[in-house]
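Add chain B to chain A, keeping to what the hints say.
Chains A and B are the protein sequences, given in the same order. Residue 383 in this note's numbering is what sits at position 383 of the first sequence, and the numbering runs on without skipping anything. So this note's numbering is basically just the index in the second sequence, starting at one, shifted up by 496.
The set of hints was computed from the structure by calculation and includes no laboratory data. Bear in mind the structure is a predicted one, so any value in this text is a computation, not a measurement. Where a beta carbon is used, it is the ideal one built from N, C-alpha and C, also for glycine. Check before you lean on any hint, since a few could be wrong.
[Claimed, not checked] Below, in silico cross-link-like pairs of lysine-lysine (BS3-like), each with a Cα-Cα straight-line distance of 25 Å or less: (1) A:K406 to A:K375; (2) B:K510 to A:K270; (3) A:K104 to A:K214; (4) B:K532 to A:K270; (5) A:K64 to A:K104; (6) B:K532 to B:K510.
[To be verified] In silico negatives: residues of chain B with every beta carbon more than 12 Å from chain A: (7) I498; (8) D503; (9) V513; (10) R514; (11) G516; (12) E529; (13) P536; (14) H544; (15) R547; (16) V550; (17) N551; (18) Q557; (19) E564; (20) D566.
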Amino acid sequence: MTQLDLAALDATTHRSALTQRRRDRMARIEPRGAREHTARERVELLVDAGSFVEITPLRTADGKGTGVLTGWGRVDGRSVVVIAHDAAVASGAIGAVFASAVVKAQRLAIDRGFPIVYLNDSGGARVPDGVFALHGCGEIFTLNVVAQRRVPQISVILGPCAGAAAYSPALTDWTIMVKGHGHMFLTGPDIVKAATGEDATSDEIGGSQLHTVKSGVAHLEVEDEAAALAETRRLLSFLPSHAGAPMPVVDAVEPDAEAVSALPFVVPEKASVVFDMNQVLDGVLDEGERFELMPEHARSILTVLGRLDGRPVGIIANQPAARGGILDSLASVKAARFVEFCGRFGLPVVTFVDVPGFLPGTVEEGRGVITHGAKLLKAYIESSAPVLTVVVRKAYGGAYIAMGAKSLGADFQWAWSNAEIAVMGPGGAVTLLHRRALAAADDPITLRDELAAEYREEVARPYIAAESGIVDDVIVPEETRGRLSDALRMLTAGQA
Amino acid sequence: MIAARADIVANVWKIVVREGDPVNAGDELAVLESMKMEIPVIASASGHVSRICVNEGQIVQEGDVVVEIDGTPGA
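In isolation and in its complexed conformation, chain B is listed as follows:
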């Protein structure tokens, strides 16, 4: 399991993927809003979205898991 984490305290503005979606490394998973900036949460590896851990509008702290990806490559 690979955790895509918030790298800054932020408001979850938009969740781009759904559970079960295939993703590639580098894909945008969600967009956070902090300091009036749209800060993307990026997949560090390819696989499937196994869990979305936050809701839109929620506040996340630095280090919080936003999306979990199972490490199955490809898809």
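Looking at chain A on its own, in the form it has when it is part of the complex:
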């Protein structure tokens, strides 16, 4: 057919009607308020250039569309399903049609095994839709949970997200918030004021500082929309498309040479002196990209995605530089969530241990540290992904067990030669075991120090653990990378 014929064909009534409808639906709607981009622009920033394909582009609730853009695109060449709220249509409120469009996209992702990225910017359930809106929100939540066992889900908070629009992210794996613009709350300031009389700003009830530092509801704070979308792409680069899918393996990169030569000297000899655990990570893992989740929340534990021999791994590590590296309620929940996530998607968990114990006392017991600590135990016990544990210095009591001990199912557990593993630290143990001798001594302080030194050598040194086979071997720091890498190669053989 010639060009002329095509033009003539396009002028036929049914063709021009379609063209007009498409033009109407695709008309640029200006971003509302402080937003930097429209919903469509956000999606296009997220996916590889030109790869976005919209699902049901003509679907509409009130002539302007559904209020949500759904479709798929590629990130680094791999398909992802994207669900983007359009705040320009009824403030992105979730009506019956909106919810049905979201569910359809979630279903596609679950059935075919693609990660889901939710770009959230919604005031919550659409009031005029009544129970139909609520029913639709509940269906979205249900598929959020169904998807947990199947595909990674990332939520990006780009505007005020209230009610249902805040609950759905809480049922996904990771939530990224834009500073100043992204908010998550059950209800906004006006309704809070009416309900309880409390005066609070949006930032105070649901800003990114609150949620990434204090509450732990969100897992990363970024400066602007572009950064949020770039970080989402980076996060996806560590994850398989679905449970059981091949890992995104890249070429291995040796760790930074300076960090490698520093590694034997990173851990201070004296067990009470703090250090930055990141130096251990630098000396062991592949140099290059890492993705730290919840960097500002419960800082005494690190949860980081990184690479070993090019293969993505989840790293859990006590951080002595923050609160001495203790485990408490918040640190336990943070670590448990990360281990559980790695387990669901087969990401090997590498644990670096230097923990003085669970923080005791009225405050922590009141926060339910027993329940929260148990979540960490459960996460390791249930993990079907490889678990490799390295005790780099001290591992006392219940915290020794909770940090991926052999008894919880770790595939391998090694201890550095200066490690101390015991039910309690030397000070406490000696006071308990030698109460009478200490009470009768002329110089109890000298006796205590002598007994503590003896205890450290005879009870706590890792050779007892190694001779019994509970620790697989005692190693020096510079052997760590080789041991981890050999074990990973064996445990992941047959996988991509």
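Relative to chain A, chain B alone:
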């Protein structure tokens, strides 16, 4: 005024600075002892130490102010 707070329930083991001392962001102001760990209290900004709020040997709760710094930069 910038407050340097205890981030864990602890015993104040050592106060490193004195009132009036100039400090830079990142400087150690005091050392707490908790869980047999020496946990430093670090200045989050530069200025002068305007007040020391605790005594050595005292128990502090999480969130208690240990040292106050006036925000005058430099020194």
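Here is what the structure says about each hint:
Using a Cα cut-off of 25 Å, the hinted pair K406 (chain A) and K375 (chain A) holds, with the two alpha carbons roughly 17 Å apart. Only pairs whose Cα atoms come within 25 Å are accepted, and K510 (chain B) paired with K270 (chain A) is accepted, the gap being roughly 18 Å. A distance of roughly 35 Å separates the Cα atoms of K104 (chain A) and K214 (chain A); the hinted pair therefore is violated under the 25 Å criterion. Proximity of K532 (chain B) to K270 (chain A) is assessed by CA-CA distance (about 11 Å); at most 25 Å being required, the pair is judged to hold.
Only pairs whose Cα atoms come within 25 Å are accepted, and K64 (chain A) paired with K104 (chain A) is accepted, the gap being roughly 19 Å. About 14 Å separates the Cα atoms of K532 (chain B) and K510 (chain B), which keeps this hinted pair within 25 Å; it holds. Under the 12 Å C-beta cut-off, the non-interface status given to I498 (chain B) relative to chain A holds; the minimum distance is some 17 Å. For D503 (chain B), the shortest C-beta to C-beta distance to chain A comes to about 5 Å, within the 12 Å cut-off, and the non-interface label is violated.
For V513 (chain B), the condition that its CB be more than 12 Å from all CB atoms of chain A holds, with the nearest at approximately 19 Å. At the 12 Å boundary, the C-beta of R514 (chain B) stays outside the reach of chain A, the nearest C-beta of that chain being 23 Å off. Non-interface status of G516 (chain B) relative to chain A is upheld: no Cβ of that chain comes within 12 Å, the nearest being about 28 Å off. With a least beta-carbon separation of about 8 Å from chain A, E529 (chain B) fails to lie farther than 12 Å from that chain, contradicting its non-interface assignment.
For P536 (chain B), the non-interface assignment is contradicted: its Cβ lies about 7 Å from the closest Cβ of chain A, within the 12 Å cut-off. At the 12 Å boundary, the C-beta of H544 (chain B) stays outside the reach of chain A, the nearest C-beta of that chain being 26 Å off. With a least CB separation of 24 Å from chain A, R547 (chain B) remains clear of the 12 Å interface cut-off, as annotated. Against chain A, the non-interface label of V550 (chain B) holds: every CB pair exceeds 12 Å, the least being about 18 Å.
Every CB of chain A lies more than 12 Å from the CB of N551 (chain B), the least distance being 21 Å, so the non-interface label holds. With a least CB separation of 8 Å from chain A, Q557 (chain B) falls inside the 12 Å interface cut-off, contrary to its annotation. Here E564 (chain B) stays apart from chain A, with its beta-carbon at least about 21 Å from theirs, past the 12 Å limit. Look at D566 (chain B): its CB is around 24 Å from the nearest CB on chain A, clear of 12 Å, so calling it non-interface holds up.
Violated hints, in rising order: 3, 8, 12, 13 and 18; the structure is consistent with all others.
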